Amino acid sequence: MTIAKSQTKSITQEKAKWMYQKMNEIRQFEDKVHEIFSKGVLPGFVHLYAGEEAVAVGICAHLSEKDYITSTHRGHGHCIAKECDLNGMMSEIYGKATGLCKGKGGSMHIADVEKGMLGANGIVGGGFPLAVGAGLTAKLKKTGGVAVCFFGDGANNHGTFHEGINLAAIWKLPVIFVAENNGYAEATPFEYASSCQNIADRAAAYNIPGEIVDGKDVVAVYEAAERAIERARNGQGPTLIECKTYRNYGHFEGDAQTYKSSEEKQKHLQELDAIVRFRKHLLANGLVSEQELMHIEQNVAEAIEKAVEFAENSPFPTEEELLRDVYVSY
Amino acid sequence: MTIAKSQTKSITQEKAKWMYQKMNEIRQFEDKVHEIFSKGVLPGFVHLYAGEEAVAVGICAHLSEKDYITSTHRGHGHCIAKECDLNGMMSEIYGKATGLCKGKGGSMHIADVEKGMLGANGIVGGGFPLAVGAGLTAKLKKTGGVAVCFFGDGANNHGTFHEGINLAAIWKLPVIFVAENNGYAEATPFEYASSCQNIADRAAAYNIPGEIVDGKDVVAVYEAAERAIERARNGQGPTLIECKTYRNYGHFEGDAQTYKSSEEKQKHLQELDAIVRFRKHLLANGLVSEQELMHIEQNVAEAIEKAVEFAENSPFPTEEELLRDVYVSY
Amino acid sequence: MTRKISFSEAVNEAMKLAMRKDPNVILLGEDVAGGATVDHLQDDEAWGGVMGVTKGLVQEFGRERVLDTPIAEAGYMGAAVTAAATGMRPIAELMFNDFIGSCLDEVMNQGAKLRYMFGGKAKVPLTVRTMHGAGFRAAAQHSQSLYALFTHIPGLKVVVPSTPSDAKGLLLASIFDDDPVIFFEDKTLYNMKGEVDEEFYTIPLGKADIKRQGSDLTIVAIGKQVHTALKAAELLKERGIETEVVDPRTLSPLDEETILASVEKTGRLIVIDEANPRCSAATDISALVADKGFDYLDAPIKMITAPHCPVPFSPALEDLYLPTPEKVLRAAAEIIGDETIVTV
Amino acid sequence: MTRKISFSEAVNEAMKLAMRKDPNVILLGEDVAGGATVDHLQDDEAWGGVMGVTKGLVQEFGRERVLDTPIAEAGYMGAAVTAAATGMRPIAELMFNDFIGSCLDEVMNQGAKLRYMFGGKAKVPLTVRTMHGAGFRAAAQHSQSLYALFTHIPGLKVVVPSTPSDAKGLLLASIFDDDPVIFFEDKTLYNMKGEVDEEFYTIPLGKADIKRQGSDLTIVAIGKQVHTALKAAELLKERGIETEVVDPRTLSPLDEETILASVEKTGRLIVIDEANPRCSAATDISALVADKGFDYLDAPIKMITAPHCPVPFSPALEDLYLPTPEKVLRAAAEIIGDETIVTV
Ligand SMILES: Cc1ncc(C[n+]2csc(CCOP(=O)(O)OP(=O)(O)O)c2C)c(N)n1
Ligand SMILES: Cc1ncc(C[n+]2csc(CCOP(=O)(O)OP(=O)(O)O)c2C)c(N)n1
Ligand SMILES: [Mg+2]
Ligand SMILES: [Mg+2]
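Residue numbers (our numbering), protein chains in the order written: chain A, 1 to 330; chain B, 1 to 330; chain C, 1 to 344; chain D, 1 to 344.
No wet-lab data here; the hints were simulated from the structure.
Misleading hints may appear alongside valid ones.
Stated by the list, open to error - Dumping the calculated DSSO-like pairs for lysine-lysine here, alpha-carbon to alpha-carbon at most 30 Å:
#, chain 1, residue 1, chain 2, residue 2
1, A, Lys306, C, Lys121
2, D, Lys193, D, Lys4
3, C, Lys55, B, Lys39
4, B, Lys115, D, Lys123
5, B, Lys267, B, Lys39
6, B, Lys66, D, Lys21
Keep in mind that this is a model prediction, so the values were computed, not measured.
One chain only, chain A, in its complex shape (with noise of 0.2 Å):
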């Protein structure tokens, strides 16, 4: 297995503004929640995303509402890549009523099942068996969709990753297995909690292809994505990427780190960031302009404010919808 590197100009300009877009969202989205959560103002655990939004974005470039995902913990990143309200959102992190869960579901369970965003997920692996039975509707129903399970390098030793993978495999089923090798589940070290030396190479276990790529570099993730879409849309099955990132906060808010060493944590905050990467990439390449580029930065950064606005002046949920949305029927 061999890291694949990234082409020049599989990606059209609009699609580039798109993924330049959405990593600014990821980035500042997040920021700006580790600021708030500081001031000890948002309620429960919060993981954040940041330094990992090549991933998410460079798989969800490929995908329509038609696709599904499933997501984890560290769900932001795949809300927004898939498209989910910035506000809607925000306000779901606040435990408002006008969040995309009404409040209920909080940080850990953002979802928009119309987005084809099938939730962040509290329970690791749990997203393994939900990803194979959105790509079972999709197969029965020959909607030409996928689903993408985005999992941690943790995630990768759980049972469900095995069950899951070899259900898609046998099945033969249009789902993408992304995972996110940001080197530490909580504070354990990837190298030290898994027997494989890479997450890829589990995937000949289930005869299926393993894929390494740089998960900072949002170009390579894009077109490792682009190859595992097609063919499980062409009925061939699933794919394993494994994306080598890194996480730029703690495991969640509050996390001192003991773990990551200064100069680890320089070389992925500066060197390799995938922001500043693709944005010389699109700048080399002349997709962008520096002037596009600052346009979009400014409006993603607009946007956050006023999502964290909205979710500020966004009223509580009252007292009648504790007992709703249990049943279908109340």
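Guided by the hints, dock chains B, C and D with the ligands onto chain A, whose structure is given.
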């Protein structure tokens, strides 16, 4: 991966006799249970091991009481190979008070912890984590013991396969995972349910050796086990051995086995029979004489008859047993 | 038109009718057909379920809709949850309810909670069919009755039918219900015969059925234990005691009104539940009446359950494990205050 | 000698003393140390548990006895079961009790049943420590209180402590108990301080504690809800009502005698249990009293529980989800027949 061929004369005469005896005990025990069950005497579900004798015996030939095994719903063979008492086993299957578990466990839960037999198991895949635990004790207490996990081709798709082997691999535990690939899980072919071609192929996902052996050649199994157990005892961690085998009877007593072809049955029950082959091997290599073999066969037949007699003449457990052994205190 | 068929035939017929009615209804589970990819079984089953309950379905609906699964309960149960959330109406078979240990997360944390966590923006029309019950000499890991665990979990509906006719109507209601339903089938009832309407019909979830009318004593009994209750009622009648037997049929939602109305009439309650006693359906029903029906009660509420131990293998012990009409009579004697009842 | 330490420090101290006393005591779980194989953390932890409860243990006992695990609950829980059965005395941490969905089989079908299935020829001295409880804004999959599921299962013991001092003594008793014990720690209690003896001591499993004496009303409350009960008792005292607060401390085995004796004295019972209401510990205790304590009762048994819904994320809703002293007062008003109590 290539199928290991058996070498000659790695087995001492004494060991060879023990192995021949145990294989015959298993076969005759199971044939007898089959016969009694068909008379409607035995309660519950019974899964027979006949046909797979070479696996349990080839492996357990290396084990002593300080070594542990975990077993499956098809556990009689493992019990016998681990030297559980035949009377106590038969009595257990009858649900009698003199059974190894006082009649409380039955066929699917026969156990003898002092012998290192951690129980047949009604839960497919249940044994993986249990073997890891026994291996962990061996490592921490430095007993020099190993733990063997017997499992079926069906179990190989359960999440516990993945979690158990990964754990044993990262902790370098003295555990040997022995796949009994008899081609079917109930009425479902291995090829349908498993995305891998061989179970042993999955060893690579855990960076451990995977070996395929002819599971109806007890010498081949014996030799593969020797290598694996040596690795384990040397602190080199787990091995996955896949034994290609076949069950002579149905999944459980009462199974019409419509999924088996008659050629397949013919081949396995006649040409490839493990006991017949081992018998020939012993004679051809002059390890044991015809007379001695006949003597063993006859002794076994008597022992099985006695076991049935013992079971039939034993009393059922009495009322106070119902609420005993739930907790240590009662 | 009705005719006598067995409990398992009734369950089978419900699935058949549901699959005919709605192409989104699919069935998944281990060996629900059996023999997948076996040459001579392309359009035929090897088993049709471990107890033959799903026989004939693969012939009629094909292997696209009757899916044999690997032994991967978490995998296919989770898949069934989102298949449901994305447009299918799956029936997932968990062969024995004891195997929930392999897929509780998918049922409890995903299936049951999706709708609520998503603020109502999803529905999960999933039916999980599963076998339960002691008396089959199947030992501790294949004989439990675990409906209490599921009843505890909000977002699930829980059905435990006691007759072929109820089984059919309740299963059809479950399949076409838009919430996840756990449907319990007692393996020792499969051969029981009863009159069952040929047509498609549903029995609403949440409606108890009074299986016998009476004015002196109420017995609420679950699943197979309805028959223990009916036998006890016969014996009690010989002593002049009229027993009302209430079959809740669904534990979640529970028909509180019918139970309370019966106790209001009789003043006495026995609950029969063959599951283990602690935090059980028996305690649930008892606690309901101890609160909302307290003023109706003339005597303590008695529960006839399994003891607090695993299901033993030995027939000698398993027979002692289960509720019996005699145990009911002993409880009745106590709360009616007539020791002679025991000796009926 | 006692001194004020927090609930989490008390739990930590119990583990430390147990590990000092017996080399067979080991600890396994996700990030119980954290940072395994990280160069600069060879003999140090990265976290010491997600909430810091296991801090310092790896420094003292090393990584051989404090084992970080992969995210493989079935794997390490099953391993803990047989490690226990083969001579160790493991403490396995299930980070949140909600994750039992990933390893119920290992707990329910293996750990709990081994001894019985083997006819008494094994013991399983395993302690599972796990976090539970709502109020942390942790949403539906990290806030449940699932002790009813475990209490339902024979072969398990279930402990739910409410104070630092109880936590320490009960955890030590659990670790040195020869049966599998599920030990619940309410995450919202971790910072609560209380007097705790420095020494090694155990509190027997199966003994309730009367946290407040009273003669008019019994409140049985579980875990954190003991404090809700104590607050309600204070408010009730202002109305001249003397409340007895019984903390069962262990749900399995349950100290039936103490509960019944209290109700015999007071004639009235309220149960507070923040878990979901159906087939719950609340119904269990209520049903016990509705049978064996029926003759003592002057009024219906009230249960203050969560509603039948998942735990909502929004603080506005989660606050409504939990029991409160006000809800207790409302129930008390009803069974005492004095509406003015509500307005205390
Ligand atoms: C079944 C389960 N076990 C444990 C946890 C606690 N937990 C939450 S996130 C996490 C680490 C996940 O690591 P990884 O999969 O690598 O994702 P990352 O956080 O790195 O994105 C753990 C252990 C959980 N939520 N669910
Ligand atoms: C978790 C679980 N799922 C399903 C079953 C039902 N079951 C019992 S044996 C069996 C087939 C096992 O096949 P395999 O592992 O190949 O073993 P074999 O019977 O061939 O020896 C199944 C599905 C079970 N006992 N446990
Ligand atoms: Mg990670
Ligand atoms: Mg098999």
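Do the hints match the structure? See the list:
1. A:Lys306 x C:Lys121: At roughly 24 Å apart (the allowed maximum being 30 Å), Lys121 of chain C and Lys306 of chain A satisfy the hint.
2. D:Lys193 x D:Lys4: Distance ~6 Å between Lys193 of chain D and Lys4 of chain D Cα, so the pair holds.
3. C:Lys55 x B:Lys39: holds, 26 Å
4. B:Lys115 x D:Lys123: Between Lys115 of chain B and Lys123 of chain D the Cα gap is close to 15 Å, so the pair holds against 30 Å.
5. B:Lys267 x B:Lys39: holds, 28 Å
6. B:Lys66 x D:Lys21: holds, 26 Å
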